[in-house]
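So the sequence lines, in the order shown, correspond to chains A and B. Going by our numbering, 170 is the number at position 170 of the first sequence; the sequence numbering is gapless. In our numbering, each residue carries its 1-based index in the second sequence increased by 436.
None of the hints are false.
Pairwise CB distance ranges, derived in the manner of DEER restraints:
#1 R654/B to D97/A: 24 to 32 Å
#2 Q264/A to A445/B: 46 to 54 Å
#3 S90/A to L779/B: 33 to 41 Å
#4 F765/B to P211/A: 33 to 41 Å
Partial list, derived from the structure: chain A residues whose beta carbon lies under 8 Å from chain B:
#5 L110
#6 L143
#7 V144
#8 G164
#9 L167
#10 I171
#11 D172
#12 P175
#13 T176
#14 V183
#15 F186
#16 R187
#17 H190
#18 D192
#19 A199
#20 A206
Here are a few chain B residues that face chain A, going by a calculated C-beta distance under 8 Å:
#21 R535
#22 R536
#23 A537
#24 V540
#25 A543
#26 V604
#27 V606
#28 V622
#29 D625
#30 L626
#31 R629
By construction, these hints were calculated from the structure, which means they are not laboratory data. If you're wondering where the values come from, they're calculated on a predicted model, not measured in any experiment. Cβ atoms here follow ideal geometry from the backbone N, Cα and C, with glycine treated the same way.
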Amino acid sequence: MNRLRAHLLKLAVPALVFVVALVVLGVVNRSSTPAAPPTGESGVISRGQSTPEQIEALQDAVREAPGDAGSYALLGDAFLQRARETADPSWYAKADDAFGEALRRDPRELTAVNGRATLALARHDFRAALEHARRARRLEPGLVRPYAALVDALVELGRYDEAGRELQRMIDLKPTLASYARVSYFRELHGDLAGAIEAMELAVSAGSGTPENSAYVQTLLGNLELNRGRTGPARLAYRTALERLPGYVPADAGLARVDAARGQLDAAIRRYRPLVERLPLPEYAIALGEAELAAGRIGDGHRDLELVRAEERLLSASGVNTDVEIALFEADHGSAARGVRVARRAWRAAPSVRSADALGWALTAAGHAEEGLAWGRRALKLGWRDPVVLYHAGVSATEAGRREVARRYLKQSLALNPEFSPYHAPRARRALERVS
Amino acid sequence: MPDYSALAAEGVRSLPGGGKVFVGDRDESFFIDLGATFDSVNLRVPPGNAGGGRDDFAGFGTSSIVMQVPEAEVTKNGRSVAGEGAANAVVGVWASTERRALQVTDADYNVAAAPRIVPRERTASEGGPPRRPATRGGGQTRDRNQTREQTTMISRSGSARRTAGDWVQVSRLGGPLINELFSPAVRKDLYNRRTPDGDGALLGRQTREPILARIINREFPDLINAPETGRTDLTEILLQGVEGLNRQIPGAGAPTVDTLKINLGTAPATVPNRFGLLGGDRAGYPNGRRLEDDIVDIQVRLIAGFLVGNKQPLGDGVVANDKPFLTEFPYLAEPDSGFDSRLKRQEPAQPPDLPDPAPTDGL
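Using the sequences and the hints, build the whole thing.
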């Protein structure tokens with residue numbers, strides 16, 4: 001690092017004038033993926049630098065100009081970017097500190113306020129995210145970026161009417177990849193799958209200068225197609241994402257899901273394994289373990305599912321809340337009683353349809369199917385047509401002896417995607433036989 | 437081999453009234469050391485007046501919209517221009533990109549009743565509304581954003597009900613590198629959403645106290661010494677136009693608007709100087725903008741204080757496009773085939789430019 005660059009980076013915040021347009025994506029992670037939502041900010045300092053190089057340069061910059069709030073804020077963003085690249089949540093604490101230093105020097109430092117909102121979302125602390133996002137919007141009402149965290153937080157807090165209003169404002173303010181993608185998720189939650197795909201196609205078509213953002217929405221498009229059982233279009237979407245960003249893990253995982261949906265479990269397992277090694281995230285370990293169980297490789301399956309708890313501890317130590325994912329995991333493969341405890345905590349923190357689904361499923365697994373069904377209905381109150389959520393409600397109804405309700409939910413689940421999971425879809429079919 | 441020239445020629449269409457339009461792939465016409473320039477003008481070989489830069493756009497093609505329209509279609513009185521001094525000679529041009537908003541769901545989120553977000557700095561006093569130019573959305577003043585963000589709104593699964601949202605302006609461009617160099621990041625959304633009539637408030641202070649002057653002074657201590665305040669010279673040349681050349685209303689009443697202002701009566705230069713007006717070539721930037729005008733070098737020299745007695749031989753070390761421009765419509769060079777393209781290019785060493793480019797430069 002020569003002195004010139006250090007000088008330059010000291011000026012990194014004024015240098016923001018060069019950023020033509022920040023694409024802010026960050027559809028909130030609905031999984032345990034701790035990766036912070038992409039903000040498109042990695043290119044702010046220099047497109048030529050890798051994230052570790054940027055971090056080093058910014059650390060030099062804050063040493064040279066310890067009073068500069070802007071450099072601290074950018075350092076925080078670089079740490080968030082690193083967390084996304086490595087899935088190592090220990091970067092979050094560093095990001096948090098850097099944003100804190102920035103705000104101690106300048107409480108109105110907008111990048112830091114936005115950064116805090118993004119960080120809180122990544123940790124699934126939705127109330128904090130909402131607060132930071134609102135503050136960012138007050139500081140600069142014409143800017144579209146704070147709306148991303150604002151909408152995501154409201155959705156995850158179950159405040160759907162407000163979320164819808166803010167989202168409408170967001171897209172009226174600036175129709176971009178970030179706003180189209182959020183419209184897509186909102187429509188998905190309301191059961192409008194065709195509308196969700198339409199909006200996600202617009203997100204893809206709007207594009208972004210950041211390959212990761214484009215790959216991300218392409219992958220989400222694949223997930224939407226796969227959720228309604230269309231493996232061909234899903235595969236195409238994942239492949240397009242990988243073409244845009246080779247090695248992109250969520251798209252690779254999508255291809256593994258396609259393999260599994262087509263009954264090619266060995267191929268799916270071969271694809272999942274390196275992903276689990278590269279990104280230690282519960283969602284991939286669960287997918288791998290369940291594929292192995294479905295393939296009759298019981299020992300392997302149990303061993304890989306064991307990884308989930310270690311990953312949970314790792315995430316939790318870095319302040320990442322994975323309660324919804326862990327509650328479902330415990331209900332499926334662990335202690336149902338713990339699942340219920342964790343799901344209740346999830347509901348208190350974030351009373352969303354996702355939390356309702358997790359709580360309902362955990363209650364049913366713990367033998368309280370009637371209560372489980374009531375929560376399952378709550379999960380579906382917006383009209384959500386997700387094969388897994390419908391399967392949960394259907395099994396709850398089965399266990400509660402509500403045959404007709406069970407038939408309806410299970411049929412809907414299997415009609416959307418008869419192979420929604422190599423592990424759970426056969427269970428859905430068996431449950432349907434029981435009530436038919 | 438397919439004959440792209442012939443194919444492209446078929447893409448030239450006539451417009452009613454005598455104009456023509458081309459839409460399709462052309463060579464990327466910008467020449468710029470992108471990596472250095474957009475890294476806070478981190479000049480590779482300061483001061484950058486002797487070549488040696490990297491043309492990051494060499495070898496790339498870009499989707500382009502090129503329009504040529506009769507003068508009478510863009511002048512304020514609908515007549516062609518008699519000469520440089522004619523009252524209708526100066527026109528201002530800007531372009532925008534719009535995308536369609538969506539209705540989030542069928543639910544009525546009653547957004548109309550929500551408090552409107554009013555940008556703080558909007559004032560009625562600065563700048564009159566510009567005429568909405570007839571060349572809106574295209575023209576030779578095309579911007580990369582324009583052509584790259586033309587989004588296809590047709591959706592395979594689409595239902596017309598939802599795509600019926602309003603078209604929302606998400607990008608605009610008037611003068612080259614104005615938003616890029618002068619708007620702070622937090623105002624870029626605002627700039628892109630607004631029309632030029634608010635530019636006095638939006639860009640007035642940003643040009644009078646350009647942040648970039650501070651940056652390059654600190655970046656290259658004792659080399660540049662750009663004045664950091666009181667830069668009405670920049671506001672005038674970039675936003676109001678040059679008196680007696682391309683100012684739409686003479687005197688202090690000229691609106692402060694980011695439009696590309698061109699005097700249609702100025703005779704084209706026989707030998708264009710890439711420094712345009714800075715090199716004594718009245719037919720070049722900022723009097724319109726020709727493809728061969730070296731915008732990066734010009735803007736950096738202007739910011740350093742060219743018009744206020746601080747002439748510095750600055751530049752990005754890239755002096756010309758990798759391919760010659762055409763002498764006839766559509767002017768942009770033909771793109772490379774993917775088979776032949778070689779991306780990026782090192783500008784060879786050049787005889788150093790003078791701080792005050794000689795009018796013969798470019799010969």
